[in-house]
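A.B. asks: Sequence:
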Amino acid sequence: MVESGRVLRGVRLCLLACIAAAALQGHATAEERPRLAAQAGPGGPASVAVPAGPFSVTQNAAGYRAANLRLAAGPTTYLIPTAEIRGTSLSRDELARILDPGSAVPLAERVRTLAASEIVIPELRAETQTGAGRQSSTYHDIRLSGIGDGRVASASAADGSFEGLGPEGPSRGTFGRMEMSEVDLGVMMALLEIPAAGGPAELRRVYGAFSVERIATEGPKGARSSIARMSGRDFRARPTKDGWIATADAVAGHTDLDKAAPAERGRVIGAMADLFDAFEVGSVEATGIAFSDAGGKEAAGRIGRVAYTAGQGGGEFRIEEIEAGGEDGRVRVASFSMGGVSIAPALAAARELAGKTAELSAAELRRLVPVIGSIRLSGIEVDAKGEPAEGRPPVRMSVGAAEFLADKVVEGLPTDMRVSLRNVSVPIAAAAKDNTARQLLALGYDRVDASLTAHLAWNEPGQELVIREISAEGAGMGSVLVRGVVGDVGREAFGADPTLAAIAWMGASARALDVVVQDAGLLERFLSRKAAEKKRGVDDLRREYGMTAAIGIPVMLGNSPAAKEIGQAVARFIARPGRLTIEMRARDGAGLGIADLAGVSDPTELLDKVEINATAE
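Residue numbers -30 to -1, 1 to 587, in mature numbering (1 follows the signal peptide of the UniProt record, and there is no 0), belong to the letters of the sequence shown in order.
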């Protein structure tokens, strides 16, 4: 169940990030921390004015003034000392009924009857108590305009702060100006207050856009983080079975599902599916992110931008300008992105598995993995401090680009995959104790600059696995490229049952294999090195190695015509380094059975079953 824990923890982290963005909870900037500390004082959290007298609504020149409001929605209570309601056609008694703390009518229903051109709230405190802990948020100078039918055309708050107490201790933070547009207060309150009845409800728009500036937090162990600005658009949601707060609490309260009983694990998986399926967002973006541990020595870093954008073919998630590290070194990444992201198949599987009381099988776990069409990274740099006392100097490694593409999923497994690493640059001195590294140093190389690619695709109509490319290339060295076709590969080969999949692969057959070797300097350096060691000329040694290949390879492979053709091609390649190509095709159109190939001990048996074409250019 280790795999299940990793999958569910990753899903949970993604979910909590989305909820955090939607709820506008965040972290304080450096300039906000002194004010936060002053508010907190030596005795604890900042003091906030709370309703101290009886609730009342009085008329004034601009409209009405409500005092000592205490409004509840689910586990959250809103405390408002005073509020000015301006430009309303409602009577005093109608307003009093809407805002009455003792009303038996749910708040989500009451706000739908509220109408005003503007509402001004100097201060609002929201308190939430759940099984996972307590959290409170304070907002200053709130202004709502265009209120009617439970909707608000625009809303803003000058700034605010929040604090919480969880299992690991207290946390707190501040945020600057906050703005929202096209807010549906009725839907927002219903998310917290009204459990979904009669099956999932329709997703409804909660807000059109939001932004919040200068967010900062300080965690229980002193870790700090900040966000210069966060914004988003088109947030749609529906109530969950038990309400958003309770459902999120059920998910966040389980940090290790591996140790949970199967029934409890199924309940949490069901809650996760319900919560994930209960919202969608058009886009979310955060910029100017910084973070550090308590002392800033173990881990500290920054991120230029984090963004998610929904799309027809799946969402795209991007992180840009990443830098993190501590005393032992630093890592920089220019960009990281995931495209074609879809959790719909995983949600469908989670709903099916929610009531299961037995352990999840490998096949079921695979169904819980979200679909990711692509993963790309660029501009990766790693600086390691090294240990001079142990003979290890500082090291700088880099990767120009890394890419993973996946398509045509069968039972949770992509059947068209491409993985590539471009310009992986590593100093050879970093592995000087390795025998291969020592040989490369002797050949005059000080760094390895390599690129690797693997691209496999299943052709379902032809029941073939096509090896489009498996390649390795080293700058100033050369390259190797392999292509091929494996036949008799059915859908069962990609099934979740490992035993049945292994049986299916044993029934496959090899039909074609091409190998292309391109020299770009490695062979010449090798010959020069050996010639110097033997105190002979390079051309003299080249002739010797060429003759050895022309004679020795056929002897090792049984002296068949195919063996001689390979030997001659290798000899020509040594004489004039360039490109060596060896093409193999099974004589039998059905191919060579994988099970039969596994039992071949003599290479001459294999050569009798294939047609070979070997050339050197």
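Accuracy of the hints is not assured; some may be wrong.
[What the hints assert, rightly or not] Taking lysine to aspartate or glutamate and the EDC-like style, the derived pairs with C-alpha atoms no more than 20 angstroms apart in a straight line are:
1. K378 <-> E286
2. K191 <-> D204
3. K534 <-> E462
4. K355 <-> E439
5. K500 <-> D416
6. K504 <-> E494
7. K378 <-> E297
8. K500 <-> D484
9. K378 <-> D298
10. K211 <-> E297
11. K378 <-> D467
12. K211 <-> E234
13. K211 <-> E250
14. K355 <-> E286
15. K534 <-> D467
I should point out that these hints are in silico values taken from the structure, not numbers from a laboratory. Note that the structure is predicted; figures quoted are calculated from it, not measured.
A.B. asks: Broken hints, numbered, in rising order?
C.D. replies: Checked against the structure, the hints that fail are numbers 2, 3, 4, 7, 8, 9, 10, 14, 15, while the rest are satisfied.
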